[in-house]
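Let the hints inform the model, and build the full structure from the sequences given.
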Amino acid sequence: MQDQGQDQGLAGTAAAPDGDGKRTLPAAESVKKIVAGPRVWQSPDPRAVRGFIRQGAARRGAGLGRPKASRPGETMFRRYGVAIVGSGPAGLSAAARAAVRGLDHVLLEKTDHLSDTIFKYQRGKHVMATPVQLVLRSDLAFDAGRREAVLERWAETSEGRQVHVRFRAEVVSIEGGRGAFQLRLADGDVIEAETVVLAIGTAGNPNRLAIPGAETVRIDYQLDDPRDITGEDIVVVGGGDAGIENALGLAEPDLGNKVMLLQRDMQFTRAKPDNVALLEAARAEGRLDFMTGVRPVSLAPREMTVETRDGPGTLVCDRVIARLGATPARRFVESCGVSFASADKEAFPVLTSEFESSTPGVYVIGALAGYPLIKHCLNQGYDVIERILGNQELRPADEPILVEKFGGLPGRRSVDEWLERMRTGIGIFNDLTSLQLREFMLESDVRVFSRGEAVIVRNDMGSSLFAILDGSAAVEVNAADPSITVTLPEGDIFGEIGLISGRRRGATVRAAEDSILIEAPRSAVLKLMATAPAVKRRIDAVTAERMIKQIFGGTISQADISTILAQCRLQSFKAGECLIREGESGFDIFIIRSGSVVAEKLIAGKEVFLSYVPAGSYVGEMALFDDGHRSATVRAAVAVEAIVLPGDAFRALLDDRPDILRSVQEQVYSRRQINGFIEAQKSSFGSVADMYSSVADFLVEQGIGEATDALLIDETLCIGCDHCETACAETHDGISRLDREAGRTYAHIHVPTSCRHCENPQCMKECPPNAIHRAPDGEVFIDETCIGCGACQRNCPYGVIQMETPPPKKPGLVSWLLFGMGPGPGQPPDSWIEKTLGGGGSKEKVKQAVKCDMCRGVDGGPACVRACPTGAAIRVSPEDYLKVSGMGRATD
Amino acid sequence: MVRVDHTTRRRSAVHESFLKHGGFRYLKLALLLTAVCLGIYAGSSASPVRNGGSAAGYFLGILATVLVVWLAFLGIRKRAITGGRWSLKAWTSAHVYLGVAVLAISLLHSGFQFGLNLHTLTIVLLGLTVLSGVIGAVAYSVIPRRMSDNRGQLSGEQMIEAVQAVDAPLRQAARRLSEADALLVSSAIEDTEIVRGVFGRILAPDRNCPTARALAMMRRQSVRAGPLDGIEDKDEDDSERAVRERVTLLLERRSAMLGRARRHARYRALLEVWLYAHTPLTFGLLGALVGHVVSVFYMW
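One line per chain: the protein sequences are G and U, in this order. Quick note on numbering: the first sequence equals residues 1 to 892 in the working numbering. Quick note on numbering: the second sequence equals residues 1 to 300 in the working numbering.
It is worth saying that the hints were derived from the structure and are not from the lab. A portion of the hints provided could be inaccurate.
To be verified - BS3-like, lysine-lysine: derived pairs with alpha carbons at most 30 Å apart:
#1 G:K405 <-> G:K765
#2 G:K810 <-> U:K78
#3 U:K78 <-> G:K835
#4 G:K272 <-> G:K847
#5 G:K120 <-> G:K345
#6 G:K549 <-> G:K574
#7 G:K847 <-> G:K120
#8 U:K78 <-> G:K809
#9 G:K810 <-> G:K125
Claimed, not checked - DEER-style ranges, computed between Cβ atoms:
#10 U:A165 <-> G:V190: 56 to 64 Å
#11 G:G293 <-> U:A242: 25 to 33 Å
#12 G:P489 <-> U:A80: 53 to 61 Å
#13 U:S187 <-> G:M821: 38 to 46 Å
#14 G:Q550 <-> U:G23: 31 to 39 Å
#15 G:G857 <-> U:W70: 28 to 36 Å
#16 U:R253 <-> G:R146: 48 to 56 Å
#17 U:G156 <-> G:D228: 33 to 41 Å
#18 U:R253 <-> G:Q550: 51 to 59 Å
#19 U:N208 <-> G:T785: 57 to 65 Å
#20 U:E190 <-> G:M821: 33 to 41 Å
#21 U:A165 <-> G:S298: 37 to 45 Å
#22 G:D627 <-> U:R253: 50 to 58 Å
Claimed, not checked - Computed footprint of chain U on chain G; a stretch qualifies when at least three of its residues, placed anywhere within it, have a C-beta under 8 Å from a C-beta of chain U:
#23 726–736
#24 861–873
Just so you know, even glycine gets a beta-carbon here, dropped at the ideal spot from N, CA and C.
Right, dumping it as structure tokens:
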């Protein structure tokens, strides 16, 4: 499989060999520092000759792989100026820059084609170029367009620029230090480089099937299109979702494959229940077979030996599809000595403003560095090479955007001065690098407020964070009397409770003087918290302090707060996990910081629902008056973060402060009443108790607990006319965002498949262009910058997001009513769309994520509710849900 | 940069049926209207005539005509999804109560004088329209709960899938039956219709159902086969019996699933069927009404 391609790339960028295997490297002024002097690398390993493969990926029709590949025997005697790992947008752009600047480089790509992630997009997918305002600075041209066009252009450019790429070069380890790194490849080769650029993305590497004889049978670790494989005996190893989906795809009857799936455990624990059901149905129909509790032992041509519970066995096998999960990229990156900001899964590597990691000489760019958008990646590829070459003059590509943001401010400072002022003046930014700060400011806004102007308003929905860059702000702590305020000085932050809990704003905040504030969207802050632990610590501390103040009254003194805070800790609970168990003893108080909990009591062997407690309240106080006896179970309704306040500290506070004691006692009194009510009724309302008992489960399961506004359908009124869906489609480009019939029903209340506008929306978590926002009225919506990546659809636990292309325009209502033109109101059927488009056209169009936006901007509010003829469709918050389902009494 | 303080848009979570909408607002309005009209009728002198010809009758006629036209507009309103603070529930509520009131007003307008003419036809059509509407309103308030109970979280599509899910195992099990029985089972799978025309759905959803027929046959045979004789090869007999039992069981399950799907279809049909009368009657009424108005003015 070796290809003897002419290595023009080397001839063009590096000097010729001077006999004896010594090579003189280019002496260009700017690269002197890094690639100065002749280098000798003597490799005794004959295998090092292997593997420099000029490999085209043209078999998939993308026309890739044309850039230069190395010639065996030549490259082994050299040390590169820079080794770039990963040929995605970031790596490729870096390699192109290195080629243009004459920096001796090698681009290492583990597959046989460039840009594997984009290569794997479905054919014809439209690739977007966001953020629009960001200037592109790269030697690779890039515009929004079809996947093929983008890849073709990059391949051409890389070839034209004489980028030096080595395919099938999977790096397994990186050792050494600046000036002398050794990159060991999977095939045993070692590559030497002075600096390393890691641009490997976040996808990670598939786990390999390491059994004897693995080279005798074709093993695939991914399956692009099952229709490419016909008439084979296939063994799929791995009973996760990927394995099951592949097996089902391959087992389509017209393909003529014989498919066997192997699962190591006795059960399919990792797969979705739906997939397991499909698998079992497929076996019942005789389309495929599967075995559980079985382990592959070895492979021989056309044969796999396996070990089952009943002893060994063999399977006929032309091909193995191994879906054994992936090792995250992070593990490899950490093994190279690069440290991450924290142990959190979302954390990114710690980088300097020059993209340099904690290992000097190793640079990290692209998605791995926290920049998932192609444009960012391309720019960083360019920048990192310039930095490596020592170019200090280079202004970041985002400079014009920041100039515009800071330009209108009083004081005529430069961007750098403003950023420095932010860093030194605002506590949470103290430890940030200018790279982090710039990135943060790209997404954030600088806003000027005049004295008395409202920045946030009580009961508005909002999740952005404000930091006071200049001036001060006044918080109206008492809703009844706006004249009572607490002043926040310069450098302080506010809005953090809304940010963390996803609930409405707790107080109105006005500018106390003419002020300059930084408003950061939730996504930017969350990303910052993931990259900079110091920011997270500071925001967490501020939140804890303010929540305690808000709950126990503004009169609590700073000294008291500090004493309590010192003893508090933050604890996370998964949905369904118990914070407190009935019958146990304990004094801790739990302040719900985000999420919500349900309280239940065990009556006659049944968990009976007592109450629903949202973020911003506390539970566990009753034990203080009950000698530590827990009188009810408290479970997390969704993922919950709670501030745990030790009972002793709280007791001490109550002893000191009779006013706080009184307010807590009132709370305890009302909660006792509820318990008493339930307790007293238990004998008389058997069936009602039954009803109560599963409410909590239903709330948890359906995510109503984290909803801010959910669509419910009272099935005792619903006539199934689907007017709600019609109205939804009519209001939203012809696509209905709700599925009335699907979804669960409880006590005749049906929860259709429709957005719940969660307190902490999962969909927002991983949106590359940050296109998902929460509006002041609480609705979570997706704006037009959506790039159609589908991450939100995958992240939504309730399946309410679809990827859709708007259908063509329909004839109007009158033409339909009078002349029967078009499909009439509602979502047009696929057949009509196809007919109207005449086959072509539609595929070119971008699919974008669509979901309920609560008819944002539509006068009159949600169309589904307005269009319901019988009053079955209602929109409610979780508190209202209990009233609607007739169970509100106990919670009032 | 100006930021406007705004109060949160309050989304009403008012949970009331269309009949109770706004605390029976439109029922009260309809009663009031009827009472006023009754007063006008009672107060008008009986000479020369106590019908549409008098001033009071003329007024009642105009009122009824306006109401009828407005009531007919519901058909447009529910199809034109526009912005604005309208609620289809409020429209439905008003439609029901004012629709009944319009019959009363029209009767007062007629002065209870009937004959074999267009005028009486108009009021008869109105009466039939209102009657069909009342049936619809009753259906709307009674059937949804039953439909929900029957549906048990399944969508219509899933109900059909549930029926089809039994097909494959049933086919497999039936292979080991005698040819005649196997044919019966395969006919049950192939020829069973889940949904028929509207009236079929309502009146006889299960009539001539091949699945029911096959099930009845299987049951009859297992009764006839009786207890084991003990003479024949016991194993074989056992296994044949087991197959039969399995087929019967699967047919029972299929039948139950079919029953649910058909009940669902039946309820849906019941919610729709009254419209088959209501809508044509409305158009007939509008036509007759035009004729009535034109003729009355022409004759005048």
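Right, here's what the structure says about each hint:
1. G:K405 <-> G:K765: holds, 25 Å
2. G:K810 <-> U:K78: Roughly 18 Å between the alpha carbons, so the hint for K810 of chain G and K78 of chain U holds.
3. U:K78 <-> G:K835: Cα-Cα ~27 Å, so holds.
4. G:K272 <-> G:K847: Since the Cα atoms of K272 of chain G and K847 of chain G sit roughly 25 Å apart, the hinted pair holds (cutoff 30 Å).
5. G:K120 <-> G:K345: holds, 24 Å
6. G:K549 <-> G:K574: Given that 30 Å is the threshold and the Cα spacing comes to 26 Å, the pair holds.
7. G:K847 <-> G:K120: Given that 30 Å is the threshold and the Cα spacing comes to 17 Å, the pair holds.
8. U:K78 <-> G:K809: holds, 20 Å
9. G:K810 <-> G:K125: Holds. K810 of chain G to K125 of chain G sits at ~26 Å (cutoff 30 Å).
10. U:A165 <-> G:V190: 56 to 64 Å: holds, 58 Å
11. G:G293 <-> U:A242: 25 to 33 Å: holds, 29 Å
12. G:P489 <-> U:A80: 53 to 61 Å: holds, 56 Å
13. U:S187 <-> G:M821: 38 to 46 Å: 43 Å Cβ-Cβ, so the 38 to 46 Å window holds.
14. G:Q550 <-> U:G23: 31 to 39 Å: 38 Å Cβ-Cβ, so the 31 to 39 Å window holds.
15. G:G857 <-> U:W70: 28 to 36 Å: Between G857 of chain G and W70 of chain U, where Cβ atoms are some 30 Å apart, the hint holds.
16. U:R253 <-> G:R146: 48 to 56 Å: holds, 50 Å
17. U:G156 <-> G:D228: 33 to 41 Å: holds, 37 Å
18. U:R253 <-> G:Q550: 51 to 59 Å: At 57 Å between Cβs, range holds.
19. U:N208 <-> G:T785: 57 to 65 Å: holds, 59 Å
20. U:E190 <-> G:M821: 33 to 41 Å: holds, 39 Å
21. U:A165 <-> G:S298: 37 to 45 Å: holds, 39 Å
22. G:D627 <-> U:R253: 50 to 58 Å: holds, 56 Å
23. 726–736: holds (count 4)
24. 861–873: Holds: 11 residues of the segment 861–873 of chain G have a Cβ under 8 Å from chain U.
Violated hints: none; the structure is consistent with every hint.
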